[in-house]
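2 protein chains.
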Amino acid sequence: MPNFLPKQVQNLIEELAKLPGIGPKTAERLTLHLLKTPENEVRHLSDAVRKLKEASHFCLICWSLSDTPDCCAICRDDSRDQKTICVVEQILDVGSIEKTGYKGVYHVLHGAISPIDGIGPDELKIKELIERVSANPGNVSEIILATNPSHEGDATAIYISKLLKPFDVNVTRIAAGIPVGGNLNYTDEITLGKAIEGRKNF
Amino acid sequence: MPNFLPKQVQNLIEELAKLPGIGPKTAERLTLHLLKTPENEVRHLSDAVRKLKEASHFCLICWSLSDTPDCCAICRDDSRDQKTICVVEQILDVGSIEKTGYKGVYHVLHGAISPIDGIGPDELKIKELIERVSANPGNVSEIILATNPSHEGDATAIYISKLLKPFDVNVTRIAAGIPVGGNLNYTDEITLGKAIEGRKNF
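First to last, the sequence lines map onto chains A and B. FYI, in the working numbering the residues of the first sequence are 4 to 205. FYI, in the working numbering the residues of the second sequence are 4 to 205.
Think of the hints as simulated: they come from the structure by calculation, not from any bench. Be a bit skeptical, because a hint or two may be false.
Note: identical chains are not told apart, hence a pair may lie in one copy or across any two.
Simulated crosslink set (DSS-like; lysine-lysine; CA at most 30 Å straight-line) [as the list claims (entries may be wrong)]:
hint	residue 1	residue 2
1	106	128
2	106	168
3	128	10
4	10	21
Produce the entire structure from the sequences given, and follow the hints as far as they go.
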């Protein structure tokens, strides 16, 4: 920490360096940038950080974020297919799937099963998903397991699918394969194997 | 901007994405991190941003940063050699030179001459440096030009050295050469040329 800098400047550098992916040099650079930024723009950033938690809640149905303390806009929206639940690992995955034009609802697990990181099923919103399905018999027709096609995401999908066996609900898994615009020659053998395994009638 | 997120969350993502080197994906990631961070730590960051400008001033002698509105701790420090002025491009360069154990004072130009970026001598604190030297005849013994050894830094050093000609002051330039621990075989020919040009009796 360069101690020739004023205390408030050092303080902000320290606070920014606590953020993930922001090292001390980046923190210095950002702080010096903010020093040259007009006062009102700096105030906007400060206010945005301060107000972040005030009006952000977890949706008690899908565990995504919500403006209101009870449930989110997607879970309240009657024009969406409330019988199809897309299960994702992270909140930002909801945004990725929204871009595809998907019109069902979501369930955010807040992670994937990863024993190496000490994350078991109890750390995730899996119990909440099962309760959501069992509490609404006949009101859930399909569960799309959209966890990442990684070891952890696959294990989580398999675990959830087993728990969902007793219920009368169609459980599906998103396809793994070659990305659109991709090239067979540059695709790793595991992805290519998944693409062949998941082939369809043409 | 994913519009499924609460307004305050979107707001912070937008504000963070305005910072240099922070793209929309990084802004999303940082915001989601802050959502999981305890309230008081988020408050520390918000306060640090808000207070940044309150107690940060430019030193009216060296144009580095100062806790007080008049002049900085280094310029006030009588134990330092106030007759030797090290001229640097940026505020953070002061920190780099402080680490070497340098005991003189500084002058921060706030950039280097770069016509392609529209930065001429008038945009920099060059006039202030000349005034500082001319206002203190006999009180400045050496000016160390420590601008970067780049085209812009070199041009700025040459420009300043010409302006300092009329004054009875020793003008020096930091050495360009092979970094300590470096390897001749991996050094570009311009740096190696500078190292040979700057050779000393051994």
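Subject >> Violating hint indices (sorted, rising) >> reply: none
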